[in-house]
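Read off the chains here:
2 protein chains.
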Amino acid sequence: MVLIPEVSKLSRSAFRRLGMTPPKTPDAPPARLSLISRHLAPVYPINTPYAVERLPSTVDTSLLPRIRARHLTTTTSKMSQPAHPTLLIPGPIEFDDAVLQSMSHFSESHVSAGFVATFGETLSMLRKLFQTTDPASQPFVLSGSGTLGWDLVAANLIEAGEEVLVLGTGYFSDGFADCLRVYGANVTELKAPVGTKPTLPEIEKALSEKKYKAITVTHVDTSTGVLSELKNLSALVHKVSPDTLIIVDGVCSVACEEIDFDAWGLDGVVTASQKAIGCPAGLSISMFSGRAMKAFENRKTPPSAYFASMKNWTPIMQNYEAKKPSYFATPSPQLVRALHTALSQILAKPVAERFAGHKAASDKIKAAVGALGLKQVAANPDEQAHGMTAIYLPEGVKGAELLPILAKKGVVFAGGIHKEIVTKYIRFGHMGVSVLDPTRGDIERAVKALEEGLAELGYTKP
Amino acid sequence: MVLIPEVSKLSRSAFRRLGMTPPKTPDAPPARLSLISRHLAPVYPINTPYAVERLPSTVDTSLLPRIRARHLTTTTSKMSQPAHPTLLIPGPIEFDDAVLQSMSHFSESHVSAGFVATFGETLSMLRKLFQTTDPASQPFVLSGSGTLGWDLVAANLIEAGEEVLVLGTGYFSDGFADCLRVYGANVTELKAPVGTKPTLPEIEKALSEKKYKAITVTHVDTSTGVLSELKNLSALVHKVSPDTLIIVDGVCSVACEEIDFDAWGLDGVVTASQKAIGCPAGLSISMFSGRAMKAFENRKTPPSAYFASMKNWTPIMQNYEAKKPSYFATPSPQLVRALHTALSQILAKPVAERFAGHKAASDKIKAAVGALGLKQVAANPDEQAHGMTAIYLPEGVKGAELLPILAKKGVVFAGGIHKEIVTKYIRFGHMGVSVLDPTRGDIERAVKALEEGLAELGYTKP
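Residue numbers (this note's numbering), protein chains in the order written: chain S, 1 to 462; chain V, 1 to 462.
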């Protein structure tokens, strides 16, 4: 449940009730910026990372304005963004208004009670999103691109000279492999042809040939739209190579594809804020198992990065989640507020419903793409992601011509990124509000634009 | 000069003029979110990092709504933030409304023409802020905390086993030294007593004893408020150890202390968004000299980080600045938009005026602190920062008691962070709008709150 204080009218009087002097704005209009996700700032406890254990809480909640509970909804949210082309690339996605408004939260200290509580709740909510109740699981939220999650794995869970098996599905698994090599891992890439994924027998064979510290899998390779299956993969690894850590790149899957962290026995999932989670880019978000954290603690050498060091961040994340101020490097209060809002919206319904909603929209899109006579990069329906579709262009149609036409129709798709086929396909992202809020009509407009755009370029359905 | 499109009324009709279908919001209220810094999204060029060279520009600017130029001003900006305690810690600072509104910019592709132009302009504006006209200088803007700047230096400019001299001024120089060690540097710390900095003769002696790849100096050590002098320091290093790179931690100095990058012969300055630059936290911002970039290119070993690798980011930054879409890891469009707004505001006036404004405010604050009979951690006026003041508490007054009293008066100061004196002092940050917009009255209220708060705790001026 999300509590929203009614600050728009109360704030000045509430300020006085709190014994604070409101800023000198005698003719101030009703507060406009970012009202939805904001709590009236409580009285701040002492503002220092070292002071945690020594100080009593100085927040006297009896003085705070009374809060009326209501659920966050997205129903009217798209009304207040200026008209703009609908962003349907595989991230960043379209954002809900409440999330965007949280981005403009007034400045607050990274160790203030209000922000610490928000950050702590955010970390706890991530446990629900990843479906882990094991208290040994450890969430991390760091300022950075999603790519920073690869460094987090490579610099903390792997030591120089250790073997890692990377399941090769495209551009993003190649990137993960590169990152692992930078930190000294011996990487074996088990590559599948474009548009497919390595098979379980191939993986079993690879696992039997070497002892791997970790296996990495790109849940959805954003370059191809190939979906990897995690449950049976994880069961296989646990069976044939039980000491191998199972690490998932979930950048384009978390919050749109099912991930059952505990039940499937995963050891790490790294993702980013701007995809299906629906929060602007700028946060690396991850979850690691107790087993992964133990592997980190048992390293023989210190972690090989500083900003991406679990040694530096683990106590900070644990303190934040325990609602204790703590400091290693300054987090972004605005981005964390926005993530809090996004996660509150996601968890207002069962996550299974969210996954089903993405699957239903994806099925429709893929049927429409098929009806247009187009082929997907991921040919096998079992290997098709539910948050994006990578579509081969018809013979004679250039992405360089089609994408600007779609943009003029108010729909932004992405071009190709996989080197082997870069000019031959386009990518259609369908995550978050664009698929879950049917009143937006984003998907219908996109499909219609695609059909019209192709026709304008002379394409006729076979 | 900052151009602001008048989008609030034009957007729907302009959308139609562009041949785009506006989203179905027939009864949409006037757009509210983030209107100030937004340009109506232009027609997007093809949306792929690989497509840069092959495509003509698809942005037909003749179709864009006409833009009426006016300067960004901060005069009315505080009106639309909800009442909240004034944040006067040494970062994050209070933000201008236009900057906060840019944070809620609608979602856009990280490789769209509009965003690429904004990012490119942002990088170019950083050159002006750092006062470098040397085309070989290279700016970086990465998603991350300010701390990531240390990794950028340690993983790219230094190779394992190389010697680095760290000028020790407190908590933050210790942190930089730790980071350098993680990446294999042999660090020599030349430590000064708390509240002071190493002297030039001490530094000259140290430089004569070993050949250092780099020397690092914390321009303002946020833990003590000690200001290091860069001009004479740099001249000394160039004289006695000309091959040594001069690296400045400018987290708490960039945009409030003078930094004349070219004239002083600096090789690297790393900073963060949330201090005097006045943009929410979440961006690591840095500038490196041609000499530093050459040192990077001449490495014998590859960079020892992936996300913080200059090899990965340099071409991206150069492409963005040339207004070409490019991809390594997804930047945060919202944070970059906000940084663009902040830098536009900063550069609307000569930077010298900005530094003088901070000095004038700082002088007033330090005089008021002295008049209260309080001592500063940085005792020597020549070593006192102009964007913050570290104030020793009077005998018998505890920070744990004083800070909550100040907070109740609507002013948030920070506690101590330097281990040797952590409970003995507080920190007062005075950067950005709080000092440059006198109509806010932030500084006067803060000084008054400090005086009253101390009196409430039984302190009487000597």
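Worth flagging that the hints you see were computed from the coordinates, not collected in a lab.
A quick note: this is a predicted structure, and the numbers were derived from the prediction, not measured.
Ideal placement from N, C-alpha and C gives every residue a C-beta, glycine not left out.
Keep in mind that a hint or two might mislead.
[Claimed, not checked] Mimicking BS3-like on lysine-lysine, the simulated pairs with C-alpha atoms at most 30 Å apart in a straight line are: (1) V:Lys398 to S:Lys419; (2) S:Lys461 to S:Lys398; (3) S:Lys300 to V:Lys419; (4) S:Lys323 to V:Lys311; (5) V:Lys324 to S:Lys323; (6) S:Lys419 to V:Lys419; (7) S:Lys311 to V:Lys419; (8) V:Lys323 to S:Lys424; (9) V:Lys424 to S:Lys419; (10) S:Lys213 to V:Lys311; (11) S:Lys311 to V:Lys191.
[Said to hold, decoys possible] Ranges between beta-carbon positions, derived for each pair: (12) V:Pro462 to S:Arg299: 37 to 47 Å; (13) S:Arg299 to V:Val240: 16 to 26 Å; (14) V:Ser124 to S:Ala371: 29 to 39 Å; (15) V:Ser124 to S:Ala455: 16 to 26 Å; (16) S:Arg299 to V:Glu229: 39 to 49 Å; (17) S:Thr133 to V:Asp262: 51 to 61 Å; (18) V:Ser208 to S:Tyr327: 31 to 41 Å; (19) V:Glu163 to S:Lys300: 20 to 30 Å; (20) S:Thr133 to V:His238: 33 to 43 Å; (21) S:Pro302 to V:Thr199: 29 to 39 Å; (22) V:Ala322 to S:Leu200: 39 to 49 Å; (23) V:Glu420 to S:Pro302: 37 to 47 Å; (24) S:Thr133 to V:Ser124: 15 to 25 Å.
[As the list claims (entries may be wrong)] Among the chain S residues that face chain V by a calculated CB cut under 8 Å, a handful are: (25) Pro92; (26) Ala154; (27) Cys179; (28) Ser234; (29) His238; (30) Val412.
Taking the hints in turn, this is what the structure says about them:
With a C-alpha separation of about 62 Å, the suggested pairing of Lys398 of chain V with Lys419 of chain S is violated against the 30 Å cut-off. The hinted pair formed by Lys461 of chain S and Lys398 of chain S meets the criterion: a straight-line CA distance of about 16 Å does not exceed 30 Å. With a C-alpha separation of about 29 Å, the suggested pairing of Lys300 of chain S with Lys419 of chain V holds against the 30 Å cut-off. Our distance criterion of 30 Å between C-alpha atoms is broken by Lys323 of chain S and Lys311 of chain V, whose separation comes to about 39 Å.
This hinted pair does not check out: Lys324 of chain V and Lys323 of chain S have alpha carbons roughly 44 Å apart, beyond 30 Å. Distance hint between Lys419 of chain S and Lys419 of chain V is unfulfilled; the C-alpha atoms sit about 52 Å from each other, more than 30 Å. The suggested pairing of Lys311 of chain S with Lys419 of chain V holds, with an alpha-carbon distance near 19 Å, which does not exceed 30 Å. At roughly 25 Å between alpha-carbon atoms, Lys323 of chain V and Lys424 of chain S fall within 30 Å of each other, so this suggested pair holds.
Restraint check: the Cα-Cα separation between Lys424 of chain V and Lys419 of chain S comes to about 59 Å, which exceeds 30 Å; the hinted pair is violated. Pair hint Lys213 of chain S plus Lys311 of chain V holds up; C-alpha atoms about 27 Å apart against a cutoff of 30 Å. A distance of roughly 25 Å separates the Cα atoms of Lys311 of chain S and Lys191 of chain V; the hinted pair therefore holds under the 30 Å criterion. Distance hint check: the CB atoms of Pro462 of chain V and Arg299 of chain S are about 54 Å apart, inconsistent with the given range 37 to 47 Å.
Checked against the hint of 16 to 26 Å, the C-beta distance between Arg299 of chain S and Val240 of chain V comes to roughly 40 Å, which is inconsistent with it. Take Ser124 of chain V and Ala371 of chain S: their Cβ atoms lie about 47 Å apart, and the range 29 to 39 Å is violated. Against the hinted window of 16 to 26 Å, the Cβ-Cβ separation of Ser124 of chain V and Ala455 of chain S comes to about 42 Å, which falls outside the hint. About 41 Å separates the C-beta atoms of Arg299 of chain S and Glu229 of chain V, a value consistent with the hinted range of 39 to 49 Å.
For Thr133 of chain S and Asp262 of chain V, the Cβ-Cβ distance of about 57 Å falls inside the hinted range of 51 to 61 Å, so the restraint holds. Here the CB-CB span from Ser208 of chain V to Tyr327 of chain S is close to 37 Å, well matched to the stated 31 to 41 Å. Range check, Glu163 of chain V to Lys300 of chain S: about 26 Å between beta-carbon atoms, so the 20 to 30 Å window is met. For the hinted restraint 33 to 43 Å between Thr133 of chain S and His238 of chain V, the CB-CB distance of approximately 59 Å leaves it violated.
Taking 29 to 39 Å as the suggested C-beta distance range, the pair Pro302 of chain S and Thr199 of chain V conforms, at roughly 33 Å. Our hint of 39 to 49 Å for Ala322 of chain V and Leu200 of chain S holds, since their Cβ atoms are close to 46 Å apart. Between Glu420 of chain V and Pro302 of chain S the CB atoms are about 25 Å apart, so this pair departs from the stated range of 37 to 47 Å. Checked against the given bound of 15 to 25 Å, the beta carbons of Thr133 of chain S and Ser124 of chain V, roughly 50 Å apart, lie outside it.
At a threshold of 8 Å, the smallest CB-CB gap from Pro92 of chain S to chain V is about 5 Å, leaving the interface hint in force. The interface hint given for Ala154 of chain S holds, since its Cβ lies 7 Å from the closest Cβ of chain V, which is under the 8 Å cut-off. For Cys179 of chain S, the shortest C-beta to C-beta distance to chain V is roughly 4 Å, which falls under 8 Å, so the interface hint holds. With a cut of 8 Å, the hint placing Ser234 of chain S at the interface with chain V is violated, because the nearest CB-to-CB distance is about 25 Å.
Nearest Cβ of chain V to the Cβ of His238 of chain S: about 28 Å, over the 8 Å cut. The hint is violated. Interface restraint check: Val412 of chain S against chain V, minimum CB-CB distance 5 Å, threshold 8 Å, status holds.
The structure fails to meet hints 1, 4, 5, 6, 9, 12, 13, 14, 15, 20, 23, 24, 28, 29 from the earlier list, while all remaining hints are met.
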